[in-house]
Amino acid sequence: MCERAHSCSLCKSRNEYFLEGGASSIFMICKDFVSANRNDILDCGNQANDWKPCIERKIADQVFRACCDRFVPPECRGLCIYESNPIEARVVLMHTIQPSRCRLYKYLSSIIHCAAQTHDNTACCRDMGIHEIGPQCLQMCGPQAKPRQLWGTRSLRKDRVVCLAKWDQIMSCHQAGLRARKILKMPTITSH
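Note that my numbering has the sequence shown beginning at 459, numbered continuously upward.
No wet-lab data here; the hints were simulated from the structure.
Accuracy of the hints is not assured; some may be wrong.
What the hints assert, rightly or not - Calculated cross-link-like contacts (lysine-lysine; reagent style DSS-like; alpha-carbon spacing at most 30 Å):
| id | residue 1 | residue 2 |
| --- | --- | --- |
| 1 | Lys-616 | Lys-564 |
| 2 | Lys-616 | Lys-604 |
| 3 | Lys-516 | Lys-564 |
| 4 | Lys-604 | Lys-516 |
| 5 | Lys-604 | Lys-510 |
| 6 | Lys-564 | Lys-604 |
Full structure from sequences and hints, please.
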């Protein structure tokens with residue numbers, strides 16, 4: 459139902475798509491925004507095309523935020539965007555983790571879980587060199603088995619803090635891992 463799409467007024471077709479993922483990540487979008495053409499999907503989100511995203515940033519961010527709205531407190535939701543510009547990513551991090559705001563040690567695993575949307579993006583992260591900082595950084599490249607796991611006691615563990623230097627690349631890989639799939643239309647049942 460196109461009415462569920464965030465920007466449905468721009469939708470010219472009633473064909474619908476959703477982003478694959480868990481129940482917390484399903485979000486209806488219009489065909490104009492996402493192509494589910496098999497050739498388009500093969501031309502994105504893999505090593506052969508330098509991990510070019512399959513889903514445009516605006517839509518990807520909406521899905522990310524919808525998940526964060528459920529699992530991340532408001533003071534940490536500033537990180538719930540697929541920011542791939544290195545300078546902008548650092549600004550977002552600094553504004554979110556300033557003293558007495560977001561407790562990353564408590565919520566970073568949930569943010570990563572929402573960014574991954576059930577996809578393991580470790581191959582992309584390896585290509586980006588994220589493991590060169592430390593192998594523990596690859597844990598930020600896939601869905602979390604325990605999304606509410608603490609990564610420190612009163613602050614983020616140092617072995618996780620160093621990974622934030624590559625936050626832009628981690629987010630780029632998570633966006634590249636998103637996929638679209640066509641929804642089959644269900645017949646409308648009318649009662650007489």
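Here is what the structure says about each hint:
1. Lys-616 - Lys-564: holds (14 Å)
2. Lys-616 - Lys-604: Holds, at about 20 Å.
3. Lys-516 - Lys-564: holds (27 Å)
4. Lys-604 - Lys-516: The hint holds at about 28 Å.
5. Lys-604 - Lys-510: holds (28 Å)
6. Lys-564 - Lys-604: holds (12 Å)
Comparing the model with each numbered hint stated earlier shows that all of them hold.
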